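Residue numbers (our numbering), protein chains in the order written: chain A, 1 to 346; chain B, 1001 to 1108; chain C, 2001 to 2256.
Derived by calculation from the structure, the hints in this document are not laboratory data. All figures in this text were calculated on a predicted structure; none of them were measured in a lab. Ideal Cβ placement from N, Cα and C applies to all residues, glycine included. One should not assume that every hint holds.
Unchecked claim - A few chain A residues facing chain B, derived, Cβ under 7 Å:
| # | residue |
| --- | --- |
| 1 | R46 |
| 2 | S186 |
| 3 | Q191 |
| 4 | E194 |
Unchecked claim - Dumping the calculated DSSO-like pairs for lysine-lysine here, alpha-carbon to alpha-carbon at most 30 Å:
| # | chain 1 | residue 1 | chain 2 | residue 2 |
| --- | --- | --- | --- | --- |
| 5 | A | K183 | A | K242 |
| 6 | C | K2133 | A | K183 |
| 7 | B | K1091 | C | K2133 |
| 8 | B | K1091 | C | K2136 |
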Amino acid sequence: MPAPRPEAASPGTAPGGPGAPAAAAGPAGDAPLLERFERTIADNQRIEPRDWMPEDYRASLVRQIAQHAHSEIIGMQPEGNWLTRAPSLRRKAILLAKVQDEAGHGLYLYSAAETLGVDRAELLDLLHAGRQRYSSIFNYPTLTWADVGAIGWLVDGAAIMNQVPLCRCSYGPYARAMVRICKEESFHQRQGFELLHTLSHGTEAQQEMAQDAVNRWWWPSLMMFGPPDDASPHSARSMAWKIKLFSNDELRQKFIDVCVPQAEVLGVTLPDPELRWNEERGHYDHGQIDWAEFRAVLRGDGPCNAQRLAHRRRAHVEGAWVREAAAAYAAKRAAETALRTAGASA
Amino acid sequence: MSTAAGTGSGRRTGPPAGPPPWEVFVRPRRGLVHQHVGTVRAPDARAALRAARHAFDSGGEPTSIWVVPTCEITASRPEHRGPFFAPAADKAFRHPTYYDIPAQVQHL
Amino acid sequence: MSTTPATPAGTAGYAMALGDDALVLAQRMAEWVGSAPQIEEDVALANIGLDLLGQARALLGYAGQVEGCGRDEDDLAYLREERRFRNLQIVELPNGDFAASIARLLLFATYQHRLYSALSAGTDPTLSAVAAKAVKEVDYHADHARSWTLRLGDGTAESHRRMQAGLAAMWPFVAEMFTPVPEFAGLVQAGVAVDVAGLRPGWDAEIRAVLAEATLEVPEPTWTARGGRAGLHTEHLGPLLAQLQHLHRTHPGAAW
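Using the sequences and the hints given, assemble the complete structure.
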């Protein structure tokens, strides 16, 4: 929801419109406000929509939350691809519930972003124009039913690893959205794992399907954590602001450590011959990630980039007349009410 | 909608006399959401906010207070409780315990 | 077809027909997910699809059980061919644009609401329990469709035109919802099945009121669809089932 209108301006402050940050600088400049902002974060307290915040913090958050929201929406496509073909009614229901949740999560996140003074419509325009991103994992195709399982196990698994710490991030609306989302996502990963487990313990064809999907989704899932720390220029600032709680490499390592034993239970082989427990480090060593592939997909040269955006744009354009109708109807009813009220008080 | 008051019947035929009601929502502490705490009567938003501050002063940390004209609130109807609020109980597959995961799997 | 009293086979056939209605429409709803005009609608249509799927599973599961040949909900959903599906034709029609889909949902969900209300007072305890739960769900579906009918009918000139066109496309399929199935006459007599002809006047009144408020005209159908309950479908059911069933049929006997 957009940030509420502040009460009428007191001297020295600029009146804010909806969504505008509250107090502007007083005579001493931003310094005291910045100090209060930094102290709030250092105390692990939340910054709320009406608080003063540096413009960079606000802009970074808008970008981060919007990207997260766009990811939920775009993420509906690869999985939605199998809704009409799910091989049992139970699986169909589970997948439909999952995709519905993802749409709902997009809504929570757009609402959180809107508290920072942007509109969902603006953010969608930026997405459609290719000026805001979504997680590049969704630029890969779901070629088989097993891909649905791999996405649940690996992609949702990676997302959860990222999201749980964000429940404690510094921005209130984002942290609260993360809490809601994490609670609802508890079944998303489990259903994926169970789906794959059923396949890997099924017919020969099903086992092959499971292994093939894991082969294709493993490395891209590792790339979800972003570039290596030494190639991540904005990380330090995000971590100081507590909108990023762990480094890319830390989370990626944690994810690998958790997945290796899970893969063993699944009976699938992770497509990395260099995966090996390192007793000294207390972690799994792993092979080199193909960062060239990551960069290519990031700049649009992935298997599904064009398709994902085209699908989104088409839905948006084809739905314009519907949204216009809803607005027109609401306007008519509001005009009627105004007329009635005016008549009543005449 | 209504005629002028003073029909002599004793029944209110116009908008209620006195300042209109506002619903008050307070965020008691950073990190929490706003909760509905009650109603105040005031002629405008500023006055409503002041009235709310006095009426619902938690005496603790600085709070955030929202006031919304009561007439702007649209509420669901109690008799629609069934169909309006999706019965979650029957969607067992939304619960993590619904999935058959081998006991030795960790971190899931 | 001869009149069947309330035999297991008869009850199974009836449950299958109602289950097929729900299954086929759930499939059409699923097609909207990710392509709806706004995100709130992706959520709403997925929710409606999920409810319908739940009804389908309950009804088909019961049908298989009563039939007593060892068929479960998946056997019925994935291994029957077009001529064995007993759904009404209205649910198998392609989604069309949003207005056409809303028109179809309005007409069918309003019918389902009246059907399930009556069925929840029926003599078969399982069917009446399924119906009692489903009534609440389809009440919401019909309400959702009514809201959109008002907004589209009384929104812009374009939305009005599309909504009118959607209704016109769906109207030939209305009569079938209320046409008694001779095979089910015995079940109706036994109180297991609902007398659908009796639902029409109430349905008419309700629909006409909504359309009037939405500034829409009640269409005049130029032809009447028929045969779905007897396994005679439009050419749209084939491709729908091909997509629904393909993966399951590719791996006979596999567990999922």
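To see whether the hints hold, each was checked on the structure:
Satisfaction of the interface hint for R46 (chain A) is found here, the shortest Cβ-Cβ separation to chain B being roughly 4 Å, below the 7 Å cut-off. Contact between S186 (chain A) and chain B, as hinted, is supported at the beta carbon level, the nearest pair being about 4 Å apart and thus within 7 Å. Evaluation of the Q191 (chain A) hint against chain B yields a held restraint, the C-beta minimum of about 6 Å falling below 7 Å. The beta carbon of E194 (chain A) is positioned within 7 Å of a beta carbon in chain B (closest approach about 4 Å), and the interface hint is therefore held.
Restraint check for K183 (chain A) and K242 (chain A): the C-alpha separation of about 21 Å stays at or below 30 Å, so the hint holds. Taking the CA atoms of K2133 (chain C) and K183 (chain A), the gap is near 26 Å; set against the 30 Å cutoff, the hint holds. Distance restraint check for K1091 (chain B) and K2133 (chain C): the Cα-Cα separation of roughly 13 Å lies within the 30 Å cut-off, and the hinted pair is therefore satisfied. A C-alpha spacing of about 15 Å is found between K1091 (chain B) and K2136 (chain C), which places the hinted pair at or below 30 Å, so the restraint holds.
When the structure is compared with the earlier hints, no violation turns up for any of them.
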